[in-house]
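Peer 1: Below are the chains, spelled out letter by letter.
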Amino acid sequence: LAKTTQPISMDSYEGQEVNITCSHNNIATNDYITWYQQFPSQGPRFIIQGYKTKVTNEVASLFIPADRKSSTLSLPRVSLSDTAVYYCLVGDGLYSSASKIIFGSGTRLSIRP
Amino acid sequence: SQTIHQWPATLVQPVGSPLSLECTVEGTSNPNLYWYRQAAGRGLQLLFYSVGIGQISSEVPQNLSASRPQDRQFILSSKKLLLSDSGFYLCAWSTPGASGNTIYFGEGSWLTVV
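Keeping their order, the protein sequence lines are chains A and B. Note that this note's numbering has the first sequence beginning at 1, numbered continuously upward. Note that this note's numbering has the second sequence beginning at 114, numbered continuously upward.
To be clear, the hints were calculated from the coordinates, so they are not data collected in a lab. In this text the structure is predicted, and so the values were computed from the model without any measurement. Using N, Cα and C, we set each Cβ at its ideal position, and we do this for glycine too. Keep in mind that the hints are not guaranteed to be accurate.
[Unchecked claim] Computed Cβ-Cβ distance ranges for the label pairs, DEER-style: (1) A:S105 to B:V227: 23 to 31 Å; (2) A:M10 to B:E139: 18 to 26 Å; (3) B:S170 to A:T56: 17 to 25 Å; (4) B:G156 to A:D11: 14 to 22 Å.
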């Protein structure tokens, strides 16, 4: 699994767009980029996944540049309920070694009124 | 649809007592199964993962063990709990061979060792 680096914490205000960037310089050709959100006393939940360019769903957008060495999770018009820890994971489930899914420290996002 | 359940949700155990947390997955076959632990305010620590019945890989040497007696059942155990075993335990599953690292978590179990 490729190692990822993301900011430890971020602060923003309600109604703002929040962008969290993750660096993954050693990403492999078959690797996908997946983001998870975790609220206190809950397990992380899947937000979005992408391989290249841009992916958008009802919750967020994921921007991946051509070299794929980084990715940016974009949360439009955040609310207080978006306060959570966000994890970026990079890997490929096709190989047995990818069965070991390790989470980094994540980014603790705090939204203020 | 697939579901995952783990229990008990909370428990308070004295130091030196045994532990058994159970997790079951429904709606899928031959999943990869995982046990994670999260101390208060900390990140997720992978404890064990399993790619099949009886196949357990341990990530952190400690007084915990895991077993997979059935395809969709994953059990976390300890013979003698330590204070440092306190934390939030999460069971999870993923689909082997699926692209990416999509993993799904149970509701979690809060363990307090006193």
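Peer 1: If you check the beta carbons of A:S105 and B:V227, does the distance land in 23 to 31 Å?
Peer 2: Given about 28 Å between the Cβ atoms, the range holds.
Peer 1: Per the hint of 17 to 25 Å, is the separation of the Cβ atoms of B:S170 and A:T56 within bounds?
Peer 2: 36 Å, violated
Peer 1: Starting from the range 18 to 26 Å, see whether the pair A:M10 and B:E139 falls in it by beta-carbon distance.
Peer 2: Roughly 37 Å apart at Cβ, these two residues miss the hinted range, so it is violated.
Peer 1: Check the following: the C-beta atoms of B:G156 and A:D11 are separated by a distance inside 14 to 22 Å.
Peer 2: Cβ of B:G156 to Cβ of A:D11: about 19 Å, so the range 14 to 22 Å holds.
Of the numbered hints listed earlier, those contradicted by the structure are 2, 3.
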